[in-house]
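Asker: Position chain L relative to chain Y; hints supplied.
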Amino acid sequence: MMRRLLIAWSVVMLSAPALAAELKAGDRAPAFKTALLAAPTNEFDSSALRGKVAYVDFWASWCGPCKQAMPVLDTLYKKFGNDGFVVVGVNKDAKPADAERFMKSVAVSFPLVADAGNVIAQAFNPRHMPTGYLIDRKGHVRHVHSGFRSETAAELEAQVASLIKETP
Amino acid sequence: MKRLLLASLVLIATALGAGCANVNAWQRGHLARPDMQLAGDPLAKALNKTYAAKEAGTGSAGVGEGGCGCN
Numbered sequence: 314m315m316r317r318l319l320i321a322w323s324v325v326m327l328s329a330p331a332l333a334a335e336l337k338a339g340d341r342a343p344a345f346k347t348a349l350l351a352a353p354t355n356e357f358d359s360s361a362l363r364g365k366v367a368y369v370d371f372w373a374s375w376c377g378p379c380k381q382a383m384p385v386l387d388t389l390y391k392k393f394g395n396d397g398f399v400v401v402g403v404n405k406d407a408k409p410a411d412a413e414r415f416m417k418s419v420a421v422s423f424p425l426v427a428d429a430g431n432v433i434a435q436a437f438n439p440r441h442m443p444t445g446y447l448i449d450r451k452g453h454v455r456h457v458h459s460g461f462r463s464e465t466a467a468e469l470e471a472q473v474a475s476l477i478k479e480t481p
Numbered sequence: 002m003k004r005l006l007l008a009s010l011v012l013i014a015t016a017l018g019a020g021c022a023n024v025n026a027w028q029r030g031h032l033a034r035p036d037m038q039l040a041g042d043p044l045a046k047a048l049n050k051t052y053a054a055k056e057a058g059t060g061s062a063g064v065g066e067g068g069c070g071c072n
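Quick note, the sequences are listed as chains Y and L, same order.
Residue numbers for the first sequence follow the numbering used here, beginning at 314 and rising by one.
Residue numbers for the second sequence follow the numbering used here, beginning at 2 and rising by one.
Treat each hint with caution, since some may be false.
Unchecked claim - One-sided and incomplete, this derived list gives chain L residues near chain Y with beta-carbon spacing under 10 Å:
id, residue
1, His-31
2, Arg-34
3, Leu-44
What the hints assert, rightly or not - The following residues of chain L were derived to be distant from chain Y, with all beta-carbon distances above 10 Å:
id, residue
4, Lys-3
5, Thr-51
6, Ala-53
7, Ala-54
8, Lys-55
No lab work stands behind these hints, which were simulated from the structure alone.
We put the beta carbon where it would ideally sit given N, CA and C, even for glycine.
Chain Y extracted, bound-state conformation:
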């Protein structure tokens, strides 16, 4: 009895940090509602992404590759926006002022949202910064981009071009 209790205790205590699962390709994308960074009184609802191809990108001002990714994402957003492609940038800065400074140096046209309570981050559980989730028109995650390298841009463009052809 004592031994079983000890084993159960050990499993519970040591597995707790590993319990949160990472969102992966094939999973249903979590729904979320949050404030827009540029206009905190305005709410962004992920239901607006329904029927569209979406790229949810987790970024922060302290992350170098996030800065590299922004212009590429903006170009794709402008190129495929009329075909139903949306980019949403989820900011993970602890201080809003850091995000504001970043937004002044790297201007983008797609919506950037806050995640004050870490609700979105906990739902997606990205393991790196940046991490982007390419979501199809049916709301399923199709590709996960961990980090941002020079080859990511072409890869992502090909994936977006392929997904926008799919019907909802």
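Answerer: The following block gives chain L in isolation, referenced to the frame of chain Y:
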């Protein structure tokens, strides 16, 4: 008595082990601050780099940069 000692050790070890919490990727902003670096002073950093190059041994001065795990 032996069992009690063993049980106590397991309890202490697991409690301490559980204290080693993971820092999530999105929470590494504080770790990426310049004042959180092991070698925050640029001059000390340069000296360490020179020392490592002259001695043909890198890595002895700890890890540089931090935060997003991308550097």
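Asker: Checking each numbered hint in turn, tell me which of them this model violates, lowest number first.
Answerer: Those not satisfied come down to hint 3.
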